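Using the hints provided, position chain B relative to the given structure of chain A.
Protein chains in written order, with the numbering used here: chain A, 1 to 125; chain B, 1001 to 1337.
Calculated directly from the structure, the hints in this document are not laboratory data.
Using C-beta positions, here's what the derived DEER-type ranges look like:
| id | chain 1 | residue 1 | chain 2 | residue 2 | range |
| --- | --- | --- | --- | --- | --- |
| 1 | A | Leu46 | B | Arg1024 | 26 to 36 Å |
| 2 | B | Glu1172 | A | Leu46 | 53 to 63 Å |
| 3 | B | Ala1305 | A | Leu61 | 48 to 58 Å |
| 4 | A | Arg113 | B | Ile1106 | 47 to 57 Å |
These figures come from a predicted structure and were not determined experimentally. Glycine included, every Cβ here is placed at the ideal spot set by N, Cα and C.
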Amino acid sequence: MSKPRDPRDLLPLTPPVFHILLALAEGERHGYGIMQDVARQTANALQLGPGTLYGCLKRMLAAGLVEESGERPDPALDDERRRYYRMTGLGREAARAEAQRLSAAVSAARARRMFARPGVAEGKA
Amino acid sequence: MKPQSSTVRWLCRVYGALLYAYPREFRLEYGAAMQQVFRDGCRDASRSEGVFGVLRFALHTAADWVSTTVRESAIPRAAMEQAQAVWSAGRRQAPRGFVTEWVVTILLYLFASTTLVQAYVVPTGSMEGTVRVGDHMLVDRVAYAEAGSVARRLMPYQDIQRGDIVCFLYPEDVRQTYVKRVIGLPGDRIRMVNKQVIRNGRRLIEPYTQHIDPSADSFRDNFPEGVSYQVTPRGRDMLANHMVNGEIVVPPDTFFAMGDNRDNSLDSRFWGFVPRGYVVGKPVIIYWSFEAPTSDFEGWSVDHALDVALHFFSKTRWERMLTVPRPQRAQEIGDTR
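One chain only, chain A, in its complex shape (with noise of 0.2 Å):
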């Protein structure tokens, strides 16, 4: 398996893969656990589903984005043992390469008045 050198060579990712690495960002997770932080990230905007979730966990592996790291209960919801993930050190490179990416693009947006409001930008009541 042969990874990319360079994390801009991933971008741009695809807003699942993205959202996932982000809420990886504080720590690893479960699958269930990434899928309620990521729909608390986009205030329910992005609801990942089961397949969603686990398809894009197999490519991250694959791509060397994230990696297991053991399985365990999680005291918060029941005894049963979770998979949990955490995110690798090209994982953080890819998602801080793909947040500056959208930044600069919400930079050029603004620069377009994309953020003004019509009427209110003209100066009319």
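Below, chain B without anything else, positioned relative to chain A:
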């Protein structure tokens, strides 16, 4: 572990079965975790939003299932091993995989074709006037189904009403499905005087019936008076045990059904009540109607296939296509007492 509702348990089982649509390696690797996530999601949805939350979550997961089964089977393994696959995840709709397409087709066929809607052809003329020999119709199997705790809120289930056209298993031989009109509900008193139905003492004006025999028959037209050699064992049981003062009283959880072609219909008069549990459904639409004799629709024959091929356009009753057999209420008049 917290106890779960039966709905959630049932949904988890269904989801477990649906996981078989994913490629084998994917299922073996992630199936258990996906089921776990599904159960967690159901439980939280049920806690925060109750049964509607669970349904919303289940529908959302079903949509996810459709798109991701396709994606997982369509991406070749070689491509998966390349990191490139990362940025196609969740974005590009890959071409449909052969296997997945068939799995979805078969699932739809198995579930939709027998649990929701089923196609029937009418071989006999007992409902002639309303439903004709050679009518091919779709039957809504859910309409009269017993409502479960969840389904009750989802879909408007109906009770069987007088005047409804209903498909049901023929009580004397459940391999056959009959279509008739409901005339009497539990508690109703039924008799006939000179071809006219008298229900609970009131004469029925039935706009949907037809009479093809001008002569009168003691049993058929003055039910339950007289005798008929066509009465079956169940019919004899009805006449023996459910007759009160010359009227048949419909017992609980059954109904009394008759064909609209009154003079040529073997119906509840002859073989007794239809148990509620024998109901198959309600005809919703006639999708094709082909002019041919009864015998042609009772089995498959080369002659019939040839007839259809040669006379498809001339013998199809185009005016009946896509018509809806509607329930009709009889008008009740007078007190005959």
